[in-house]
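Engineer: Grab the two chains, each in its own frame, and use the hints to assemble them into the complex.
Protein sequences, first through last, are from chains E and U.
Per the working numbering, the very first residue in the first sequence carries number 1; after that it's consecutive.
Per the working numbering, the very first residue in the second sequence carries number 1; after that it's consecutive.
In short, the hints are calculated from the structure, not lab data.
Be a bit skeptical, because a hint or two may be false.
[To be verified] Coverage of chain E stretches by chain U, computed from C-beta distances (three or more under 8 Å per stretch; other residues unrestricted):
{"id": "1", "region": "343 to 350"}
{"id": "2", "region": "364 to 375"}
{"id": "3", "region": "389 to 399"}
[Said to hold, decoys possible] When the alpha-carbon atoms are kept at most 25 Å apart in a straight line, the in silico BS3-like pairs for lysine-lysine are as follows:
{"id": "4", "chain 1": "E", "residue 1": "Lys-414", "chain 2": "U", "residue 2": "Lys-7"}
{"id": "5", "chain 1": "E", "residue 1": "Lys-267", "chain 2": "E", "residue 2": "Lys-475"}
{"id": "6", "chain 1": "E", "residue 1": "Lys-520", "chain 2": "U", "residue 2": "Lys-66"}
{"id": "7", "chain 1": "E", "residue 1": "Lys-581", "chain 2": "U", "residue 2": "Lys-66"}
{"id": "8", "chain 1": "E", "residue 1": "Lys-382", "chain 2": "U", "residue 2": "Lys-83"}
{"id": "9", "chain 1": "U", "residue 1": "Lys-83", "chain 2": "U", "residue 2": "Lys-138"}
{"id": "10", "chain 1": "U", "residue 1": "Lys-138", "chain 2": "E", "residue 2": "Lys-382"}
{"id": "11", "chain 1": "E", "residue 1": "Lys-382", "chain 2": "U", "residue 2": "Lys-108"}
{"id": "12", "chain 1": "E", "residue 1": "Lys-475", "chain 2": "E", "residue 2": "Lys-414"}
{"id": "13", "chain 1": "U", "residue 1": "Lys-83", "chain 2": "U", "residue 2": "Lys-143"}
{"id": "14", "chain 1": "U", "residue 1": "Lys-47", "chain 2": "U", "residue 2": "Lys-138"}
{"id": "15", "chain 1": "E", "residue 1": "Lys-382", "chain 2": "U", "residue 2": "Lys-47"}
{"id": "16", "chain 1": "U", "residue 1": "Lys-83", "chain 2": "U", "residue 2": "Lys-47"}
{"id": "17", "chain 1": "U", "residue 1": "Lys-83", "chain 2": "U", "residue 2": "Lys-66"}
{"id": "18", "chain 1": "E", "residue 1": "Lys-414", "chain 2": "U", "residue 2": "Lys-6"}
{"id": "19", "chain 1": "E", "residue 1": "Lys-414", "chain 2": "E", "residue 2": "Lys-267"}
{"id": "20", "chain 1": "U", "residue 1": "Lys-108", "chain 2": "E", "residue 2": "Lys-520"}
{"id": "21", "chain 1": "U", "residue 1": "Lys-47", "chain 2": "U", "residue 2": "Lys-143"}
{"id": "22", "chain 1": "U", "residue 1": "Lys-108", "chain 2": "U", "residue 2": "Lys-66"}
{"id": "23", "chain 1": "U", "residue 1": "Lys-7", "chain 2": "E", "residue 2": "Lys-267"}
{"id": "24", "chain 1": "U", "residue 1": "Lys-143", "chain 2": "E", "residue 2": "Lys-382"}
{"id": "25", "chain 1": "U", "residue 1": "Lys-108", "chain 2": "U", "residue 2": "Lys-47"}
{"id": "26", "chain 1": "U", "residue 1": "Lys-83", "chain 2": "U", "residue 2": "Lys-108"}
{"id": "27", "chain 1": "E", "residue 1": "Lys-520", "chain 2": "E", "residue 2": "Lys-564"}
Since this is a predicted model, take the numbers as computed values, not measurements.
Glycine is no exception: its CB is placed at the ideal position from the N, C-alpha and C atoms.
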Amino acid sequence: MIPELGHFALILALCMALVLATVPLLGTYTRTQSWVALARPLAWAQFLFLALAFATLMHAFLVDDFSVLYVANHGNTQLPEIYKISAVWGAHEGSLLLWALILGGWTMAVSLFARNLPDEVLARVLAVMGMVSIGFLSFLLFTSNPFERVFPVPVEGGELNPLLQDPGLAIHPPMLYMGYVGMSVAFAFAIAALLGGRLDAAWARWSRPWTLVAWVFLTIGIVLGSWWAYAELGWGGWWFWDPVENASLMPWLAGTALVHSLAVTEKRGAFKRWTVLLALLGFSLSLLGTFLVRSGVLTSVHAFASDPERGLFILLFLLLVIGGSLLLYAVRAPGISRGGGFATVSRESLLLGNNVLLVLMTALVLIGTLAPLLYDAMGWGKISVGFPWFNSMLVTFMPLMVVLMGIGPLTRWKQQDPNELLRRLRLALALSVAAGIAAAVPLLGDNWSLGLALGLSVWLVSTLLTGLFLRLRGKGGLRALAADLSARGGRSYYGMWVAHLGVAFFILGITVATQFDIEKDQRMSPGQSFELAGYRLQFDGVVEAQGPNYAAQRGTIRVFRDSKQIAVLHPEKRVYQVQRKPMTEAGVDPGFMRDIYVSLGEPLPNGDWSLRLYYKPLVRWIWFGGLLIGAGGLLAASDPRYRLRHRRTASEGDALAAGGRA
Amino acid sequence: MKAARKKRLYLILLIVTGVGVAAALALNAFNQNLMFFYSPSEVSAGKAPSAYPFRLGGLVTDGSVKRLANGLTTRFDVTDMDKTVSIEYTGILPDLFREGQGIVAHGKLRADGVFVADEVLAKHDEKYMPPEVAAALKASHDKGVAEAARESGS
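Isolated chain U, as found in the complex (with noise of 0.2 Å):
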């Protein structure tokens, strides 16, 4: 009895440490692995990271979107309607892209402050707005409100 105790307890002492093991193995490479998202307003106002890649999110300008000579990079801007930030992705756009569209993008800021995209999204509802994009321009939007009110109060 005592012997079949001492084996279970073993057993279990095994999966403890493994799962302990398994699970500080995967928070760390989930640390490392994290996308986060910022509006084109924070980066203009230098809050996004330039060493490793983020997601940045927007409405795509109006009349800004421009194929460079090589034929395949394309080359446009995004908004929250407060600033704007240039973007260059090389490949074949989703469907769904087209000016005035929401759409993220992943990939690294260049040192001429030109978002390079790796992956353009753009969803398969044109009603529909990534949350995070719709939540940036109502942060602009609202700051923009906020900037109105003070000057009409002042």
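Okay, chain E solo, but in the shape it has when bound (with noise of 0.2 Å):
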């Protein structure tokens, strides 16, 4: 009974969806207050079903409800708690219906705290988010439904992937599928602005915390998901290249270069097509991510087993969301203002540049990524881009784009005196040459990449220190930072600066994980100890264990430095009860400098282990920079100045617009 109440209100979700999308948009053409007034409730409305859906959900997989097929597929009465609710996002249909829930959160939450727009732009922006619902609800509803029965009913589940049974995994598709539905928000601002003929300053101004949270999203679910391939996966690494991570690094490219763009429509009034065009980018791309994991067409370690049918529902829907909003914005395009010209030694010049650079990677990334199916559809053979490529690329273009990203912070909006600024970057531009020189010297040869490194981030930071320096002089010095962190305009400031010294521990993490990391494949007794950079790693053989529901083979790793015991790692191999996969879980000793991580092989005869022993230098500062990053995007959501009452807001912005006009 309460799976059918359950899907009862999915319908219901999308009845009031299908009302949302159509009802308050007519009302803002034929000026029908009331019906514009209907949209703040439905979406409201919408949302309470949706939750009472996935609470149904939750609750037949908490009473292990078997009679559902999905969670007699995923579900199990011996999984923990806390495994029997993230089981409810751990497959396709309980996943969609996640996903269908945060689009709902994200519609409410506009109608809630976007008390400074009109209510004409409020009822567009949430009916275009209605449009988006109904096509993940009916994708839900006719080809996935969460909510089928089977019968007979089987006494026992099928059990949760034991990969998926790992805290990491447990909160990381949530905080990504924050970051991918988000991304509707900007493109719901956009083809709203693109339907009322309003592309302007206020339009930027609005959209642009949303878009910055839901990018901040984005980033950490990214993170979070690295994070957990290093810790689950038991090879160490911490990015694959893989089609589904590639996936979600196109929208956070594209997400990155939308963040740029709005700071300058908002600013400056200037890029206003530019900006329309990459949000409306960034939530293709999210789409097409979704395309891709769903419709299995891709090798990935994500894939779900695969259906033709769901794919192409997909692909029509995004060939009906891409093509729709081409044809909308190739009909509003010529009536959108030029914005505020510029210089060519401008802050908007670097942005451009910037934003061409993104626009560029995510490009490259997307080859990378679709190239396999291309060559397959042809004919030509069927292939696999690799780490080499990808690296390759990044190697040719970060540079360049950490180079901008030094300078534009301390260039003038609209045009800036070259002098000026080579006087103010002397200074960081001496310090990272030398740092640079002093870590490739020593290492001279084939390591010159850790002088790139070395040299970008000191640019960085040297830069990102003297913009703070020449912000504060006249302010009164380090101690005016709190009443500037207050006021209007402070936080964004703040903001960039905290995530673009993300950027900077990001890049020496990554070189430093990447070059001096030490892998071996050892063959051990107990007993027996091994060297791995200065540590020694005694290992003392493997016993049995039982856990709640698998059995594990548990290694013991004694971590010594100087002959003092630093850690004692247990690596294991487990053994999961319905699904009788075996899963290695990695012994780390994490550490701001390094990781020694270590994961079990095979069993060799006399007790002997193969294993796995790395030592990791710097690799948590790639998850640190993530987080930095994320949260200079939170800062800069927090402005005061997004929180303005609309009049004063609309009118200053349609004033900035008429004189970038001008």
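Structural biologist: Right, dumping it as structure tokens:
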């Protein structure tokens, strides 16, 4: 009975979405206030029904209701409670339901917190989100109903994929989905602006905090995913250029471009068409990602059992969204006013460079991801595009971007005196070149990349410090920091500051972790020791252990430094009861400067084991940098100027746009 | 006005050249870094390159997995149900590696016809078959069916 209630709630949510997508939108054209005013309650009702449906499915998992096919396939009585909850989104149907719920959540959040929006604009934004919701809810109901019953009812469930029984994975998909789906808010704002024919600085100001928050979720989702892969897959890597990883990276790159381009549109009224295109691109790439994951057209560790019908549905939806929005853009773009002009040396130019590079990188990742499909379709053979290509692309374009990233914040809007800019950059330039050479010289020969990375990081940090010094000098030094943080526009600046600092950590982490890591596959007997980068790892053998729903072989490795024991690691090989899948749990001794990482290989005769031993310097800086980038985004989104009443914002925006036109 | 236009034109030209050069670089690197996939039948027929690395996939033949004396090198056969190729891999095999499982290996062909792998991939879902392996199996199956039909027809 209860699952049917969930199914019914889902149908009602679709009905709400259908009304939400049409009536308020029509109301904005016929100027019927009552229709426009319907948008808010409809958004709330939609979310309510989706939450009900979601709660029902979660209930089915918690009470082990195996008469529901989805629960029978992925639930199990032996599963710990927390994984019963995360099992809700552990496979296709449930993760789509989570997707729809989050979309409903974003829709409601816009209706609640976007108080500075005029009613008509809000109605359009919510209507566009309703349209997206129609697409996903009909996909759920018609091709992947999570509430489908099964008869006869199985006695025991098929269990959640053991790989997904990890706290990191319990939160990684919701975070990532918050980001993916959040891109739909930026998309909805762009479409609403195109529909209303009002594309101005006020639009950029409204849409910017939402875009930032979505982008932050996407950032954190990717960081968590990378950390999970490292901790859980047992082979010490943190990024595999897997199609599904690329599917999350592409919207992130486009989103990063969008966040920067929105800044130009808000501050200077320029780049409007470009910004709109980026908003369309970001969401289209999110959808493309969904298509790639759900259709199983690409080989990937994430591939769920695939179903061509589902793939076709998403492909059609994708074409409709991209085609429809581009058509609307083509009709409306000629009417969009030109923004304010700018000189060749100006912050606008540098941000343009940033955008070109980011879009270029997005395109390269897209090519690398889709090339195997194209080759296969054309009969040119079956190929894969692996690490070397993606890495060489990254190494080509990242440095260029980091150079611009250092200059940009120190450059004035509209026009910058090049000599003054050079004076400001002199110190940073000298420091970073010196640091780069100092790092490269002792290792001269093949390791120029460490020099490059250190140079770039020092460049970022020193330009950031220069900027902070110049900003605070006139305000009374470091003591003014707190006051500056609460002033209008202050947090935007410090958000940028923190995020760019994150990039510096990220670059150093990536370079050092990939260039100086040590990996050893080693055969070891109990009691035997192995020297790894100044640490002594002593293998104390493997014993049987029992977990809540798995049996494990548990190894013990003691880590010594200077004959002092600093850590005891317990890597495991687990076999989960139901699916009989072997799983490797790595033993990790984490540290800010290095990780020691051990995973069990296979048992060999005489109680020996093959072990995989890693020394990974600075690997945590990669995720720390990623988290800083996310924190910067949050700080920027919390800027008080986004919370002003709408009348003032709108008129100010109009004036700015008018000024830009002149 | 005219000067501003000229400036804008230069900027656009600069960007177009930059993007063009970048695209050329990327495509060039792309062609050098492709990894083609070959099935055991294609490798046996000598269609696979001997000079550069490629990917080889199939089902691990039952009873073929042997550990060499050093304890870390494993030798096993993969098949597409028509032809079989031996693979040698030094290191730790993935959790889901076992006989009968579909796998994909990266590596190079040695002069004696053994494929020396530097990476072996087995997917996380045991029901999941790498699409390349599925296609190779289907191709050899279709070939077998066609041959059987020809024999019974003659």
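Engineer: Each hint should be assessed against the structure and marked as holding or not.
Structural biologist: Hints and how they fare:
Check result for the region 343 to 350 of chain E against chain U: holds, 3 residues qualifying (beta carbon to beta carbon below 8 Å, three or more required). Judged by the Cβ-Cβ criterion of 8 Å, the region 364 to 375 of chain E is covered by chain U as claimed, because 4 of its residues qualify and three suffice. Counting residues of the region 389 to 399 of chain E whose beta carbon lies closer than 8 Å to any beta carbon of chain U gives 5, which meets the minimum of three for the stated coverage. At roughly 14 Å between alpha-carbon atoms, E/Lys-414 and U/Lys-7 fall within 25 Å of each other, so this suggested pair holds.
In summary, the hint linking E/Lys-267 to E/Lys-475 is supported, as the alpha carbons are separated by about 22 Å, within the 25 Å threshold. Restraint check for E/Lys-520 and U/Lys-66: the C-alpha separation of about 21 Å stays at or below 25 Å, so the hint holds. At roughly 22 Å between alpha-carbon atoms, E/Lys-581 and U/Lys-66 fall within 25 Å of each other, so this suggested pair holds. Of the supplied pair hints, the one linking E/Lys-382 and U/Lys-83 holds, its CA atoms being roughly 19 Å apart against a limit of 25 Å.
The straight-line distance between the Cα atoms of U/Lys-83 and U/Lys-138 is roughly 13 Å, inside the 25 Å bound, and the hint therefore holds. For the suggested pair U/Lys-138 and E/Lys-382, the alpha carbons sit about 15 Å apart, so the restraint of at most 25 Å is met. Pair hint E/Lys-382 plus U/Lys-108 holds up; C-alpha atoms about 16 Å apart against a cutoff of 25 Å. Pair hint E/Lys-475 plus E/Lys-414 holds up; C-alpha atoms about 23 Å apart against a cutoff of 25 Å.
For a cut-off of 25 Å, the pair hint linking U/Lys-83 to U/Lys-143 stands: about 12 Å separates their Cα positions. Proximity of U/Lys-47 to U/Lys-138 is assessed by CA-CA distance (about 18 Å); at most 25 Å being required, the pair is judged to hold. At roughly 14 Å between alpha-carbon atoms, E/Lys-382 and U/Lys-47 fall within 25 Å of each other, so this suggested pair holds. A hinted pair counts as satisfied when its Cα atoms are at most 25 Å apart, and U/Lys-83 with U/Lys-47 qualifies at roughly 13 Å.
A distance of roughly 19 Å separates the Cα atoms of U/Lys-83 and U/Lys-66; the hinted pair therefore holds under the 25 Å criterion. Taking the CA atoms of E/Lys-414 and U/Lys-6, the gap is about 17 Å. The hint holds against a cut of 25 Å. Of the pairs offered as hints, the one joining E/Lys-414 and E/Lys-267 holds, with about 10 Å between alpha carbons and a cut-off of 25 Å not exceeded. For the proposed pair U/Lys-108 and E/Lys-520, the alpha carbon gap of about 22 Å is at most 25 Å, so the pair holds.
Between the alpha carbons of U/Lys-47 and U/Lys-143 the distance comes to roughly 17 Å, so the proposed pair stays at or under 25 Å and holds. Our distance criterion of 25 Å between C-alpha atoms is met by U/Lys-108 and U/Lys-66, whose separation comes to about 20 Å. Taking the CA atoms of U/Lys-7 and E/Lys-267, the gap is about 22 Å. The hint holds against a cut of 25 Å. Restraint check for U/Lys-143 and E/Lys-382: the C-alpha separation of about 19 Å stays at or below 25 Å, so the hint holds.
The hinted pair formed by U/Lys-108 and U/Lys-47 meets the criterion: a straight-line CA distance of about 13 Å does not exceed 25 Å. For the hint pairing U/Lys-83 with U/Lys-108, the CA-to-CA distance comes to about 18 Å; that is within 25 Å, so the pair holds. As the CA atoms of E/Lys-520 and E/Lys-564 are separated by approximately 22 Å, the hinted pair is consistent with the 25 Å bound.
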